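One line per chain: the protein sequences are B and Z, in this order. If you count the first sequence from 1, you need to add 17 to reach my numbering. If you count the second sequence from 1, you need to add 21 to reach my numbering.
Worth flagging that the hints you see were computed from the coordinates, not collected in a lab. Being a predicted model, the structure only gives us computed values, none of them experimental. Keep in mind that a hint or two might mislead.
[Claimed, not checked] Taking lysine-lysine and the DSS-like style, the derived pairs with C-alpha atoms no more than 27 Å apart in a straight line are:
#, chain 1, residue 1, chain 2, residue 2
1, Z, K243, Z, K32
2, Z, K323, B, K55
3, Z, K32, B, K46
4, Z, K180, B, K55
5, B, K57, Z, K398
Each chain is listed here by its residues.
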Amino acid sequence: METLFRPIAILVELAILMGIIYSLFAGVKLAISDLGLKEKYHPFVKWVLLIMGCLVLAFFAAHLITFYPRVHR
Amino acid sequence: MHLTFTPIEGKSRNFSTLEATLMALSLVGLMSFVISYVKGHETLGTSNVIPWGMPIVITIYLIGLSAGSLILSSLTYVFKKEEYRPISRIAVFLAIVLIFGAMVGIALDLGRPEKSWRLFIFFALNNMRSMFAINGILYGGYFVISLVYLGFMFADKPKSTKIMAVIAIGWAALVHMGTGAIFGFIAARPIFYSPLRPLEFLAAAMASGLALLTILLVLIFKLAKRDLNRDIILSLGKLLLALIILLFIFVFVDKLTHLYSPHREPMIWLLTGPFSSIFWGLQVGCAYVLPTILLVHPRYNKTTKAVIGAAILVVIGIFAERFVLVIPGAAYPLPFYPGKIEGIWGQPGSFPFTPVEIFMSLGIFALMGLFLILGLKHLELLPAYESSGQKPASQ
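Isolated chain B (complex conformation):
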């Protein structure tokens, strides 16, 4: 049971963290638009944020696999 609980908990935490990162990146995109970046550059910004998101996801996955507490009875 404990061995099953840990990966599920990691996945839930990963989903929460990625939700936060998505919100942050959406804010960055809006801020860039507000600063006057032309519409034609938006696809590139989207790609950059998507790749950065993948990097962050890999880091969070590695970090949680390593440091997420183990349940001991």
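Given the coordinates of chain B, assemble chain Z onto it according to the supplied hints.
Structure of chain Z alone, referenced to chain B:
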């Protein structure tokens, strides 16, 4: 010269294949990072004797490429070399992509990238007399300056671009000299230690940055089916020759000084020991001798193929130069007992190449390649045409 810059179409099958390949390799690199994080740095072939492995070799190499590329972009805006205007945007963009790759390399080497924010808490968490802390300012500033510089280029603001170009050229020189100083100021490591190191790094940065830019220009313009003035490649070849000679002088003087008695053992070990084949074959052969022959020989020096060949050799050779500095420099035992070769384990360290490290390194290059082709697809980096209408480089 009036130029219109446009993105490439990027709808061909070859482009999609390249994009998918780079994405797959980047994912493999990310997976390797996850393994290295979970299992520890031993998966990267590093040890207590050689704590700096391929991520650091790649990082200092990429910083050099980036600084060189940025310095060359300023040929148009600072030195008024209008003939280089077609390559100015791609040079700045390439510099940004390369410095990003270098920062990823540093983050991967840290082992705990989540602590990288501490590098930027200047004066509070950092010892500001350390070259690492000073370089934190240089790298951070460099990234921002390059972005602003490219932004002004896209906004078509020549006055602001010129000002940024002057700042960028100075900052880029400082960035790579600062990186050289990290090694050059470590008095405890005889192979690293040298007052010439910052200047050697700057010359290597400019030579490798120029060489990579030349290769990519020819490749990108050919694949994008756009004409590139052949004279640009030939003049870049002449500049490359001058930089190779300058670099060779720095390296020669540095090695000669280290060969002078009484502390000559580390240099003799480097030139004749287990890493000597990389030094003589790849560094000396590929970075200095062969490209010089190609660029000087009267039969070849008027052809773009020779310039491209020399550029490929220089890119390989300077990567080997970085490797030969970092790995043997750390492998050679610290001089705890003057007169004897004894380190913390009693003998020079060995450095095995591990699959995780190789895939992670490939992943860094693939990630940069992905950014580059996405930039080419979505940003106006390449000139649509050249008004002078001279011979294309492929001829």
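Report task. State the violated hints by number, sorted upward, taking the hints as numbered earlier in the document. Result -> 2
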